[in-house]
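As a plain string of letters, each chain reads:
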Amino acid sequence: MNLQKTTEKTGSVMVVGAGVAGIQASLDMANAGYFVHLVDNSTSVGGLMAQLDKTFPTNDCAMCVISPFLVEVGRHLNINIISNSEVESLEGQAGAFHATVRNDPRYIDIEKCTACGQCRQICPVTAINEFDCGLDLRKAIYIKYPQAVPLAYAIDRSACIGCGLCEKACLAEAISYADTPRRTVLNVGAVILSMGSSVYDPSGLDTLAYGRHPNIVTSLEFERILSASGPYKGHLMRPYDREIPEKIAWLQCVGSRDINRAGHGYCSSVCCMYAIKQTMIAKEHVSTPLDAAVFYMDMRTYGKDFDKYYTRAKDEKHVRFIRSRIHTIEPLKNGDLNIRYVLESGDVQEETFNMVVLSAGLSPPPSAIALAGRLGIDLNAYHYAQTADIRPVNTSREGIYVCGAFQGPKDIPQSVMEASAAAASATETLADVRWTQTKVRELPAEVDFSGQKPRIGVFVCNCGINIGGVADVPAIREYARSLPHVIHVEDNLFTCSQDTQEKIKQVLVEKGINRVVVASCSPRTHEPLFQETLREAGLNKYLFEMANIRDQNTWVHMASPAKATAKAKDLVRMAVAKAAYIEPLPQVMLDVTNSVLVVGGGVAGMEAALGVARQGYQAWLVERGHQLGGMARQLRSTWQGEPVAPYLSDLIDAVHRHEHIQIFMETQVVHVTGTIGNFTTTLVTQDDEGKEKSTVIPHGAAILATGGHEYAPTEYQYGAHPSVMTHLEFDVAATKQDNRLLSAKLAVFIQCVGSRSAERPYCSRVCCTHSLKSALWLKTINPDVQIFILYRDIRAYGFRESLYQKAREAGVQFIRFESENPPVVSLTPGDPSEPNSSRLSLTVTDHILQRPIILNPDLVVLASAILPNENKKLFEAFKVPANADGFLVEAHAKLRPVDFASEGLFLAGLAHYPKTIDESIAQAKAAVSRTMNIVSKTAIMVGSVIAVVNPERCAVCLTCVRTCPYGIPRIDPEKGHAVIAAVECHGCGVCASECPGKAIALKHFTDEQINAKTDALFQAA
Amino acid sequence: MTAWEPRITAFLCNWCTYGAADLAGVSRLEHPPNIRIIKLPCTGRVSPAFILSAFCQGADGVWVSGCHPGDCHYIEGNFYARRKFALFKNLLEHMGIEPGRLQFSWISSAEATKFVEVATTVIETVRNLGPSQQFVKKAMNLEPEYEFRKTG
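From first to last, the protein sequence lines stand for chains A and B.
Just so you know, we're using my numbering here: the first sequence kicks off at 8 and counts up by one.
Just so you know, we're using my numbering here: the second sequence kicks off at 27 and counts up by one.
Among the hints, erroneous ones may be present.
Listed next, the in silico SDA-like pairs over lysine to any residue satisfying Cα-Cα at most 20 Å (straight line) [unchecked claim]:
#1 B:K110 with A:A134
#2 B:K140 with A:E291
#3 B:K110 with A:P1003
#4 A:K240 with B:L117
#5 B:K140 with A:I251
#6 A:K570 with B:E150
#7 A:K324 with B:P95
#8 A:K570 with B:K115
#9 A:K240 with A:A134
#10 A:K518 with A:R484
#11 A:K240 with B:R33
#12 A:K290 with B:P95
#13 B:K115 with A:P1003
#14 B:K140 with A:G241
#15 A:K570 with B:L55
#16 A:K240 with B:L55
#17 A:K570 with B:K110
#18 A:K240 with B:H57
#19 A:K570 with B:E56
Hints were generated in silico from the structure; no laboratory data involved.
Modelling step: build the complete structure from the supplied sequences, incorporating the hints.
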């Protein structure tokens, strides 16, 4: 598909790197009117996340949460996945780039390969399984992992001996040894780089003995060991002798925070959390008690619910956390490992473990660094894409954006947020070419079968020999012919192949078939494909039922072919029985209001409003106060030192000027009705004379960016002495060149003031960075000042670690205190005749000397917590949940970090969790991208598999209202029964099974349909 | 007629345990063919009536399996299932259905090995209990009422 190079702006975009960030960016843009080319150098999308076992802090199964995204990206009409490929060059400029992409040979035709796996069964060559980090073997012909997208095999030519067995075995004729590299030129308007991260290889660190002993594994290897689909099928064993370990050590900061040997001065941001996760999951995996010890420097659990997770590991799971530095790992003869380490006090200790996990840091993949060079974008000192804090997803080259771990080491939710942010930024300048390159599937009108008896067609798949080689397919076919309502049966070599699909379409029309049953593989992988075929033949896609006779039958009962045949007959009979009861589920089209309401006029709110406006849609910006800017008004600079004030005044200016933004100051939201695409919100504005004026706003989506504020300390003599200030007050004083700062001889910063306490068991995330930055600034303007930072853990995550390094180089002294023994600040009365002459005295126990020391500071800066703003009524109006700490709760901690569980509502900024200004900007832009999935459309389709209420049976008992996990059912006072909005229902069916009056039916899974299956199962075969 | 084999109906959620059953296939994990799976969006959709119906129709065992706590695709559907069946199981036992004929589990879509282990355990437990007698006879007597349920 070599295209003509054009110089005109195009509505296509390219995403390079198909990990979780690349997938999110692609889906966002494809759903908002752009055609996406998704390029990845691997044979499958999914990236690093697909290799993980569980994810923190919820311990969700990683594959379970990512696989629906994999399927969606794989089937999207407007996403072209280009696997096994590298971008060679990028010419042109923003709006009209020409990308040359080299497609490396896969030796398998993706279009023909059905992933039946026959080739793998027959391939005589084994090779190292890289997906399992070399802990396992695979064949030379392989699929990266079972849920891979595109779901097609590939040949590893470095291992393949060219014997030709697979070519003979492949009935789909998909194998092509003669495959050669091809080049494609793509016209794209913007590029997003999401090449992700590789894991640091610790074999260069000789003291850790990695690579010299099999029981020393990296964290990624351990992730595969824990994985149920990994090399040991989820049984926790150590590689050396497959014994179950009783003692495992985790060593933190391997290849991170290490400028001496690793050359990585940065913190990898994720290792503390994944190590904690691994300790807990490992303990769950073994029946015997497992002694888990984590050797660390600072515990960096700075994210939402991270500190609670850490506390749980410590207090409930009894994981040992040992603050230390590692000297050496010495392998012992029985496979055990002896660790020599040094405690904070300087004591050298030794302990023996059965296994050691190295919490290896992240580093940019070499291929990504090379690509960045070809694209000519700036990298930072550690070869990550360089970005500015106020433009967190823009690279140095216009039209090229970056997100995820290639911008800096980060966790999944932060990557997903940035991915959406990059999608919004990349498409901002392409708003006028939206929907110009996207494809629309032309479909015939749906045939109305109402009143007709079921006319069922049954298609039984041989799947090469995957089904037919075990079960007796002709017998199953003939059995199906005998079932009620069946008017057509056939068996196919591959029911899913392109030519069979065409034939099926013809048969459906010719024979007037109005229900279709396919007996083949799993509906999880193939239902959408067959449904598409039905739809193309004019059938509603729900007139379809599948019998899973491969994955759940012939693949698992190979040893009992007769029983597999009998089971297949049962499954076909059950499917036919349900098919007789299924009905078409038409979707209803609802018009969409193309505007977005943004609540909160801080940085997040303003960025969101401006983002929406720049995408070409109306934004309503509501602020309850009398000025815009929120907390950023007090901030001096971002952590990288970019001044905030000019940025903020430009932003306020831009928001005021933009024709698509209407600002409502001193305004509150009082009432919200409606659903995704069509909300109606009532605003009440207080005018200068105190009169209230209400305005009704229609909008398609809403972004809540209601912000936060600084905790007002009650401790450390705050308020009792003018030289005790919070860190935001320090920023304001710094801007004013306040003499308290300029003349200070001894300044003390106290961390975790109001954070990580029993009352507020969360880390405020920004304070360590802020104190480091403030201390460094103070040193610059007042070189003689002596500075102490009193801390619990220094949480300078990512590249912020460089501030910690610089602070130590600048002579700032760090004293660690325990939460149960915090510093004490007292006032020594001074001259009674002079105001403010009392002196400050501070006592803290030094962690190295192990004894109290007394300081007499003339400046005390308190790193006080960030609290969410109080907005109970607002949150109730939108029916959005807040957690125990008052922060808004997103739909999913990992993959939906800016969405609420209720469709059409999004969140950004401090209302979600404490975060730095660059993270707030990214989240605001991400929220914009998410709203574009709605407001860029003229209409949305709703309905299908949803719960519907039969008003005659509804007794208004409120059971459905109470049980719905999403709070969708409501009682309509006028109609006098429960109503479930089709547009909001997620289709879980909880209400249908709980309703005592049987008034609710879940479409496609009605009682009648499910009972038909059960009944059919026990009818004599 | 060959030797008696237990017949077991399984109600599995689409997102987790059904996925594990598929993965068992992809991983070619052989296990006995006594289970017939009915896929539902969520275990929260499983009504006690489905289970009764299965026993009435002649199932020797019923197995309900969904996502692990906290993993539910629909936030908390599996908790509703758990709550409902803790009670329902007692009721069934009170009615004379032996403990072990109705089983519940939580299996994630990555746990193919666990799927096979639990499936095998369910089959063996039911096999040891022998054919289910309790409801099969009664179901015949209650045919008119049963018809009423189907149409109602």
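Verification of the supplied hints:
{"no.": "1", "hint": "B:K110 with A:A134", "result": "49 Å, violated"}
{"no.": "2", "hint": "B:K140 with A:E291", "result": "14 Å, holds"}
{"no.": "3", "hint": "B:K110 with A:P1003", "result": "13 Å, holds"}
{"no.": "4", "hint": "A:K240 with B:L117", "result": "37 Å, violated"}
{"no.": "5", "hint": "B:K140 with A:I251", "result": "18 Å, holds"}
{"no.": "6", "hint": "A:K570 with B:E150", "result": "17 Å, holds"}
{"no.": "7", "hint": "A:K324 with B:P95", "result": "18 Å, holds"}
{"no.": "8", "hint": "A:K570 with B:K115", "result": "30 Å, violated"}
{"no.": "9", "hint": "A:K240 with A:A134", "result": "19 Å, holds"}
{"no.": "10", "hint": "A:K518 with A:R484", "result": "17 Å, holds"}
{"no.": "11", "hint": "A:K240 with B:R33", "result": "28 Å, violated"}
{"no.": "12", "hint": "A:K290 with B:P95", "result": "17 Å, holds"}
{"no.": "13", "hint": "B:K115 with A:P1003", "result": "18 Å, holds"}
{"no.": "14", "hint": "B:K140 with A:G241", "result": "9 Å, holds"}
{"no.": "15", "hint": "A:K570 with B:L55", "result": "16 Å, holds"}
{"no.": "16", "hint": "A:K240 with B:L55", "result": "11 Å, holds"}
{"no.": "17", "hint": "A:K570 with B:K110", "result": "34 Å, violated"}
{"no.": "18", "hint": "A:K240 with B:H57", "result": "16 Å, holds"}
{"no.": "19", "hint": "A:K570 with B:E56", "result": "13 Å, holds"}
Taken one by one, the earlier hints fail for this structure at numbers 1, 4, 8, 11 and 17, listed in ascending order.
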